[in-house]
Amino acid sequence: MDITIAIIVTLVGAATPILIAALGELVVEKSGVLNLGVEGMMLVGAIAGFAGQFYTGNPYFALLCGAFAGAAASLIFGFLTLSLSANQTATGLALTIFGTGFSALAGAPFSAKPVQLMRPLFPAELATHPVWRVLFGYSFPVYFSFFMVVAIWWFLHRTRSGLILRAVGENDLSAHSIGYSVKGVRYAAVMFGGAMAGIGGACFPLLLTPQWAERMTAGRGWIAVALVVFASWKPFRLLAGAYLFGLVMTMELYAKAGGGPLSVIPSELWAALPYLATIIVLVLISIRRDATSNAPACLGKPFLPSN
Amino acid sequence: MTTLSRRNILKIGGAAAALPLLGSKAFAQTEPLKIGFIYVGTINDNGYNYAHNQGRLFVEEHLGDAVETTYVENVPEGPDCERVLRELAQQGNKLIFATSFGFGDSVIKVAPQFPDVKFEHATGYMKADNVGLYNARFYEGRAVCGTIAGHMSKTGKAGYIGSFPIPEVVMGINALALSGRRINPNFTVKPVYISTWNDPAKEADAARAMIDQGIDIIAQHTDGPAALQVAQERGIIGGFGQGADMSAFAPETQLTAIIDHWGPHYLASAQAVIDGTWVAGDTWEGLKEDVVQMGPYNAKVPADVVADAEKVRTGQIDGSFHIFTGPIKDNTGTERVAAGVTMTDAELLSMDWYVEGVEQPA
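Chains as they are written, first to last, in our numbering: chain A, 1 to 307; chain B, 1001 to 1362.
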């Protein structure tokens, strides 16, 4: 029982930054834009979040710093792909390379400097309770991620603005012809995605390992991008997917570290599971036609109304 | 999937980042010896690459205007490394240090094209007329750490986060276990390999996984302080810094640290080139030569434990103690080293088995 709770607590930490970044990318892709720069924006958010925490000690301000930095980085992408109609795939990859280099440069003065972890949201009696910490032992970003799953689902499927965003992603020319600003909607979506990636990145120094290390997101941004496809652009499936990946990443380590019941499944199998799960899900998606058609029709295509 | 894409990105990024760093300094009055260094990571990693760069600064400090040093960070281990080596040689560097194991193939390829340039490759195994090898006996530091761990662990279980099961890492795990068991015969070490040198979040989660399952001492052979920070957060007995003093990250938890101190070796090599006495060597230096140093002992380590740890440290300096002296059994109970016999360097450098007390990695 104790170990189960311990595993869940670690797993929530591993899943949260990926979930937050992936939720942002989901909204971006729903508007018809493919931004592969999530990893770079997360790194920019991580260093901004670290710096915010380092100078003020206020983790909420640090999260805001992460959000602003991520959104600023995404604006570069937005300008190149939306205003100048540059290729989205290449620009996204460039953004990742830029984010990696920029965060390393900005982070150079912060090596060998630790910060404080963000405290749990609930009072210590609940947050450190041996059982209840499984529900109340986390800090703000964890509850924020759950809230955003519901909020984004509600926005996309129950509001007029969400409908417009989806329309822009499905058929940009039609949306344009009835007077919606395709570029405006996409700029807003891209910046929202950047802010979410920045918050996800800021979770690394605030939740997981209170330091700045170059490339500290170590590829989690790519998992976030993959998860959006994995979840066929549905927020609740994204939640399930992020926790499935988090579970597998965590269990690999607990199986390696533990004896007893955990070592029944060899750690090699745990390490292979994300890839097996990806293959199985992709096969299932291709069997069920409706799921493939869930991809926004204009995903990755530049908007060129004059042509 | 993720690793692959990340690697590719990093390669591109590293190549782009390498170019502008190739700068040189102002001229000195007499012709100075130009020395080049290439690092696999960044000098701000607070660990392995930081330590090499400190070695470079040590040479500058001691030889002043007689040398002129250049360094290139984030050099990928592959064809790009050859290009960087060639550029350094063409810029007139007469002594070049390749500081990562993975640079070996490139050094061996490039060296014959520049016979008047001396190359030195860290932790490698391929020598040539103008390629020397150098390494440090980190396991000597592990033996000091293990002595403290054996004394202080209450559960008798230590966790060890490793990158990859290469002899260098296996040797360190074994040294920790052997020295811990000299104090507490029931002391065990649990290795967890995470297949990366630098993924702080994964290092931290591995530390959490081990602490949740009963270890109260943590050691790591990865590049950062993440595991020590978790140890501090969870309030376990302690851990050890690796590569550099990491006490800033875990003031109450770092019991001591193993510090890489390449300066004396770099200084000796530079002086030898200046004097014209350099030959391709194969050095493996440790506490005695001051290439491996121990960090300060934490205030919470009791005096008798410090005394015992110091005995192990000084014993390795004066040569009276070697941690890999038999009898040594492996973790299946087979005797591998007979009583009174000390393992040779060649045996150590190809170590692929765990001593008694090390749980077989899952």
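The set of hints was computed from the structure by calculation and includes no laboratory data.
This one's a predicted model, so the numbers in the text were calculated from it and none came from an experiment.
The C-beta atom is built at its ideal place from N, Cα and C for all residues, glycine as well.
Take the hints with a grain of salt, since some may be wrong.
What the hints assert, rightly or not - Pulled a few chain A residues facing chain B out of the computed Cβ check, cut under 8 angstroms:
| no. | residue |
| --- | --- |
| 1 | Gly-57 |
| 2 | Phe-61 |
| 3 | Phe-68 |
| 4 | Ala-104 |
| 5 | Ala-106 |
| 6 | Arg-119 |
| 7 | Pro-120 |
| 8 | Pro-123 |
| 9 | Leu-126 |
| 10 | Ala-127 |
| 11 | Pro-130 |
| 12 | Leu-253 |
| 13 | Lys-256 |
| 14 | Gly-258 |
| 15 | Ala-277 |
Claimed, not checked - Sample of chain B residues lacking proximity to chain A, with all beta carbon distances greater than 12 angstroms (derived):
| no. | residue |
| --- | --- |
| 16 | Ile-1043 |
| 17 | Leu-1063 |
| 18 | Glu-1073 |
| 19 | Phe-1101 |
| 20 | Pro-1115 |
| 21 | Asn-1186 |
| 22 | Arg-1208 |
| 23 | Ile-1215 |
| 24 | Ala-1226 |
| 25 | Ala-1268 |
| 26 | Glu-1285 |
| 27 | Glu-1289 |
| 28 | His-1322 |
| 29 | Gly-1333 |
Hints and how they fare:
At about 17 angstroms, the closest approach between the beta carbon of A/Gly-57 and any beta carbon in chain B exceeds 8 angstroms, and the interface hint on this residue is violated. Proximity of A/Phe-61 to chain B is violated relative to the hint, the smallest CB-CB distance being about 22 angstroms (cut-off 8 angstroms). The interface hint given for A/Phe-68 is broken, as the beta carbon of that residue sits about 23 angstroms from the closest beta carbon of chain B, more than 8 angstroms. Below 8 angstroms, beta-carbon pairs count as interface contacts, and A/Ala-104 has one with chain B at about 6 angstroms; its hint therefore holds.
Hint on A/Ala-106 is violated. Least Cβ distance to chain B is approximately 11 angstroms, over the 8 angstroms limit. Because the beta carbon of A/Arg-119 sits about 12 angstroms from the nearest beta carbon in chain B, more than 8 angstroms, this interface hint is broken. Look at A/Pro-120: its Cβ only gets to about 12 angstroms from chain B, farther than 8 angstroms, so that hint breaks. Hint on A/Pro-123 is violated. Least Cβ distance to chain B is approximately 19 angstroms, over the 8 angstroms limit.
Because the beta carbon of A/Leu-126 sits about 18 angstroms from the nearest beta carbon in chain B, more than 8 angstroms, this interface hint is broken. Restraint check, A/Ala-127 versus chain B: the minimum CB separation of about 13 angstroms is more than 8 angstroms; hint violated. With a least beta-carbon distance of about 12 angstroms to chain B, the hint placing A/Pro-130 at the interface is violated under the 8 angstroms criterion. Given the 8 angstroms rule on beta carbons, the hint for A/Leu-253 holds: about 4 angstroms separates it from the nearest Cβ of chain B.
Taking 8 angstroms as the C-beta cut-off, the interface hint given for A/Lys-256 holds, the closest approach to chain B being about 5 angstroms. Restraint check, A/Gly-258 versus chain B: the minimum CB separation of about 5 angstroms is within 8 angstroms; hint holds. Against a cut-off of 8 angstroms between C-beta atoms, the interface hint on A/Ala-277 is violated, since the closest Cβ of chain B lies about 11 angstroms away. Not every CB of chain A is more than 12 angstroms from the CB of B/Ile-1043 (nearest about 9 angstroms), against its label as outside the interface.
Here B/Leu-1063 stays apart from chain A, with its beta-carbon at least about 26 angstroms from theirs, past the 12 angstroms limit. Interface exclusion of B/Glu-1073 from chain A breaks down, the closest Cβ pair being 9 angstroms apart, not more than 12 angstroms. Here B/Phe-1101 stays apart from chain A, with its beta-carbon at least about 20 angstroms from theirs, past the 12 angstroms limit. The Cβ of B/Pro-1115 lies farther than 12 angstroms from every Cβ of chain A, with a closest approach of about 36 angstroms, so its non-interface assignment holds.
Look at B/Asn-1186: its CB is around 15 angstroms from the nearest CB on chain A, clear of 12 angstroms, so calling it non-interface holds up. Not every beta carbon of chain A lies more than 12 angstroms from that of B/Arg-1208, the smallest distance being close to 5 angstroms; the non-interface claim is violated. With a closest Cβ-Cβ approach of about 8 angstroms to chain A, B/Ile-1215 is found to fall inside the 12 angstroms limit, against its non-interface label. The Cβ of B/Ala-1226 sits about 4 angstroms from the closest Cβ of chain A, inside the 12 angstroms cut-off, so the non-interface label is violated.
No beta-carbon of chain A is positioned within 12 angstroms of the beta-carbon of B/Ala-1268; the least distance is around 28 angstroms. Once the 12 angstroms rule is applied to beta carbons, B/Glu-1285 is consistent with being away from chain A; the minimum gap is 26 angstroms. The non-interface label for B/Glu-1289 is consistent with chain A: the shortest C-beta to C-beta separation is roughly 26 angstroms, beyond 12 angstroms. Residue-level check passed: B/His-1322 sits 31 angstroms from the nearest beta carbon of chain A, beyond 12 angstroms.
At the 12 angstroms boundary, the C-beta of B/Gly-1333 stays outside the reach of chain A, the nearest C-beta of that chain being 18 angstroms off.
Of the hints listed earlier, those the structure fails to meet are numbers 1, 2, 3, 5, 6, 7, 8, 9, 10, 11, 15, 16, 18, 22, 23, 24, in rising order.
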